[in-house]
Amino acid sequence: MLYKKKWPLLLFLVPGLLFLLVFLYIPFVENIKNSFYEMSAVVRMPGQDWKFIGLENYKRLLTDMDVRSALTNTLKMMILTVIFEVGIAFVLAVMVSQIKRFQQFFRTVYFFPVVISATAIGLLFKLFYNYNGGMLNQILEHFGKEPVLWLGPDLAFVMICIPTLWSYIGFYFVILLTGLSDIPDDIYEAASIDGCSKFKQVFYITLPSLKPVFFTSVTLAVTGALKVFDLPWVLAPNGAPQGLTHFLGTYMYQTAYGLNNYDYASTQALLIVVLGIVVSKGVGAFTADREETGTGKRRRVKRREAA
Amino acid sequence: MFGGTDPNKETYEAINAKFMEENSHVTIEDNSQTSDEEWKAAVNADFSVGNEPDVIQFFTDATADSIVATGKLVSIEEIRAEYPDYAKDTLDSALDAAKNTDGVQRAVPTTGYWEGLYCNKDLFDEYDLELPTDWESLETAILTFQANGIIPIACSLNNVPHYWIEFLMLYSSGIDEYTAVPTTAPEGWIKGLSMFQTLREMGAFPEDTDTVDDAYTGQLFRDKKAAMQLDGSWYAGNIEDTDNTVVIAFPGVPDQKAEANTIVGGISSGFYITRKAWDDPDKRDAAVKFVMAHTSQEGVQQYWEATGAVSQAAVEVTPVEGATPFAESIAAYTSSASAIVAPTDSRIGDAYKTLVSEIVKVSVGQMTAEDAINEAIAIIQSSTEQ
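One line per chain: the protein sequences are A and B, in this order. Start counting the first sequence at 1; every next residue gets the next number (this note's numbering). Start counting the second sequence at 308; every next residue gets the next number (this note's numbering).
Be aware that one or more of the hints could be misleading.
Here are the simulated BS3-like cross-link-like pairs (lysine-lysine), alpha carbons at most 25 Å apart as the crow flies [stated by the list, open to error]:
hint : chain 1 : residue 1 : chain 2 : residue 2
1    : A       : 33        : B       : 347
2    : B       : 532       : A       : 145
3    : A       : 126       : B       : 379
DEER-style ranges, computed between Cβ atoms [as the list claims (entries may be wrong)]:
hint : chain 1 : residue 1 : chain 2 : residue 2 : range
4    : B       : 483       : A       : 154       : 37 to 45 Å
5    : A       : 27        : B       : 441       : 54 to 62 Å
6    : B       : 483       : A       : 21        : 49 to 57 Å
7    : B       : 481       : A       : 76        : 43 to 51 Å
Read the hints as simulated data drawn from the structure, not as lab findings. Since the structure is predicted, the reported quantities are computational estimates derived from the model, not experimental observations. The beta-carbon is built from N, C-alpha and C at its ideal position, and this holds for glycine as well.
Take the sequences, apply the hints, and build the full model.
Spelled out as structure tokens, the structure:
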């Protein structure tokens, strides 16, 4: 036993707990409370009462077409993050792990977008997408083509997803590459001796061995998709065009600070939190189940053999 | 208020520095910021928890209702009982325009504003067009520019369609209907907002009007890629080509009800003294002197000149010699006004934001103007119930 007396540990844990209590849990409870009132301002002014409206905001949430669109976009983004962020990061990590020289160089290059602020990336891509004199349209015009409205209703969602997904590939790349380095080389060597090709090694050794890291990445990516805000907001504020590119985060922000409808925004915030819990639990249950059928089962067999 | 990128910031700081020089026992703790939504929320929060400043420059319209309701702002009448010279240089009409919505004068204003149609006259000359004076000539100008690859109107419908909302509703409704706080969607308002779809279908706005912001469309206008821009007096300071840019009256809408040359404008902000400073014997005199430094003839003249001598001054100002053709056009525009009307947001507060947020949908026909107005009316009604 590392520590005989546990109470000093508690003493050190309490400040963190208090901090969370004051700055997260109490405001969260307040937020739930606010969603049942009609707030005339972000703070209750002296002598002013907020009207209790019960479930009105929740009823509106169910019929609001913009919420529906924001929810659909967020769910789409969750799927896209798994496919493109984790997927591309995995492919890059496998390839980089295979090379000896320049590995550090690729690590740095692929991770670099993660350290750039989303606002800067958003502004950068805004310059690419601009209809008048944007980089993409300049290229098209150079080849005699008509300029394209890159953030028009047909293309906007895709064009917003591209930098949003791209900017975080490096994050999962580093996580997966670290996971790859934990797989013992002798497994690959044994497989090579048995005649297993490099391609097959990825499917039969790398993927199964990387499962826990992979699932952690998926959980982070899916829950991260719920928090997408800054980059879409810079590229296309207010869900532009025509509210088609709203995510739950951007719509909540617009409701709160664009329309000053704080109570309805509180309701949306609660939806985001509930969705976050449900999704992370769902992904957790799914991955736990998979691990159970894979490595977990093997562990139990080994334990039984040992007994 | 005069913080961030506000063109008045330098003048404001210079007056503050001079004030501290002349009153060495006074130290100003200045917390001026850009007057955006976050700042308004912060001001509300400060007033609600007893952290209000001694002096604040703030809005005078419906935006100020929540802080006025706290009873923490001192009226000019009360101040004048002890300081008869308080706001002595300020025109009565300006003080009247800066009344709060409860009819009490509390704020002392510096300058007011107007909204008008900025035109790149050289583009009109190039395509042999007259500056628009009515709907027909506006329509001709839009179609001609559109056919020649010039953006007729620089406007971001997703960001700042405010000026177009105001003039389209004002000219479609007439002053009485426009200035009344509605309980049902007024016919003139519906007609005015429906004009967004008409203008959009004519190709009046930039292709990317749904996604760009106001700064970008302003640049399009200044780069001569756009011919017209409806904007406020605060935009005048951005105009570099003062020989070929003019400001004219809003041309109008079909079957308009407002008289030609009716202007949207007025005075919407001023300096307030809070009860906290007034009741503190150590601060009362300093607060009064501070407000007078900014709102005296000398102070307002500085603000007026620093912003191009084109705004509506709250005191009698000395005209500036050697005015540019641009400044002359503004003088002609404002002096020929048949009426000056305050914009809708000064009367309906937050409900206006809902109206603004639905303009893109109205312009593409996804939502009717009536539905957008009804949404705003629902907010007006719920806020009056509280």
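Please work out if residue 33 of chain A and residue 347 of chain B have their alpha carbons no farther apart than 25 Å.
-> 23 Å, holds
Regarding the pair residue 532 of chain B and residue 145 of chain A, is the alpha-carbon distance no greater than 25 Å?
-> Judged against 25 Å, a Cα distance of about 20 Å means the pair holds.
Is the Cα-Cα distance between residue 126 of chain A and residue 379 of chain B 25 Å or less?
-> Violated. Residue 126 of chain A to residue 379 of chain B sits at ~45 Å, over the 25 Å cutoff.
Range agreement (Cβ of residue 21 of chain A with Cβ of residue 483 of chain B, hint 49 to 57 Å) | 56 Å, holds
Pairwise beta carbon distance, residue 483 of chain B to residue 154 of chain A, judged against the given window 37 to 45 Å = 44 Å, holds
Is 43 to 51 Å a correct range for the gap between the Cβ atoms of residue 481 of chain B and residue 76 of chain A?
-> 47 Å, holds
Regarding residue 27 of chain A and residue 441 of chain B, is the given constraint of 54 to 62 Å on their beta-carbon distance met?
-> Hint holds: Cβ distance 55 Å, inside 54 to 62 Å.
Hint compliance for this structure: hint 3 is the single one not met.
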